[in-house]
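Just need the whole structure built from these sequences, with the hints factored in.
Protein chains in written order, with our numbering: chain Z, 700 to 887; chain U, 700 to 887.
Any given hint might turn out to be false.
As the list claims (entries may be wrong) - Taking lysine to any residue pairs in the SDA-like style, the calculated list, with each CA pair at most 20 angstroms apart, reads: (1) U:Lys733 to U:Lys788; (2) Z:Lys840 to U:Thr877; (3) U:Lys742 to U:Glu849; (4) U:Lys840 to Z:Asn856; (5) Z:Lys840 to U:Ile769; (6) Z:Lys763 to U:Arg807; (7) U:Lys732 to U:Lys788; (8) U:Lys788 to Z:Asn875.
FYI, nobody ran anything at the bench for these hints, they're computed from the structure.
2 protein chains.
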Amino acid sequence: MSEILQQHIARFVNVPNVDHAAIARFFQPLELKKKENLLTEGKVCHSNYFVEQGLLRMFFVNDKGVEQTIQFALENWWLADYTSFDNGKPSPYYIQAIEKSAVLAISRTAYDELLQQYPVMERYFRCIHQRAHAAAQFRIKSHYDLSGEEMYRQFSNLNPQFVQRIPQYLLASYLNMTPEYLSEIRSR
Amino acid sequence: MSEILQQHIARFVNVPNVDHAAIARFFQPLELKKKENLLTEGKVCHSNYFVEQGLLRMFFVNDKGVEQTIQFALENWWLADYTSFDNGKPSPYYIQAIEKSAVLAISRTAYDELLQQYPVMERYFRCIHQRAHAAAQFRIKSHYDLSGEEMYRQFSNLNPQFVQRIPQYLLASYLNMTPEYLSEIRSR
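Shown next, in the form of structure tokens:
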């Protein structure tokens, strides 16, 4: 396991006796080219992905055949379709590398075994999901509350590093606006 | 602790030696009248709430002074503003009983102590937040993907028990439509 995940775990699990070498066996390192898919529509999301380096996005193809991006993940973020990961049913999503990326994958089977053998990792994943749950509440509120322009301002204030790295057409898709309108907002 | 939470824990934590009596000490039972608030805007969300009986909603008051409902919780559901619960800052939300309700409250301090003393509860809350995270992903997808009418059909298919119990004007608020439009959809 890379030092990156090790440090991330140490942020949440403050115990000296975490056996990082043993835990590393549960993760598979993957190198992804730009635009390479980790998940495609109709397949089961068998793994949960931790971004060591690079940038991923999750999207679905809508009724009009357009790719609708709903989530990004950069360094130190986890990404999966957690419904499919949990129930083993086909996913409506794609997970794709926006940049050349290095990720650690943990399969559902390995995840269950890891938690069984190293219960301290329950704490780590409890923290990860609790924070993601909090972030999702905040995001759902924004959907009710903010205009497209306000969504952009909030997103760029909270995630300045994203706005530098994400291609404009993908950010526009995430914000549910046309690239032209995003460009207009940015030029103001 | 009531049998309701005990059974809910047993669904996720399949170990015979959970000391339910000891765990119960961390929770405070509360009886709520209809329309009683557990949280008001500007206050810190100090507790996480488990619904034993009844129905809660979380809402904020928007710029126009209108209550915007963003979440419901009925029996066996947890509800809190997890951002405020985590960072101790004031919440933008109200949490209110829609019906006369019985809830179990666990304060942030008690939560931290519970997890410290009974690490098996990490597993329980990891499962709760992982499922909530999955549900939030699904809901965010719906915001991009579905019309108001489709949102209503999906919501009533997935939560038939809600549709019976939630007053129409609150369901309309949650679905971000007027009560008149919801009534029109329902009469079709």
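Checklist entry - Which numbered hints turn out to be false for this structure? => result Numbers 1, 3, 4, 6, 7, 8 - these are the hints that the structure violates, sorted from lowest upward.
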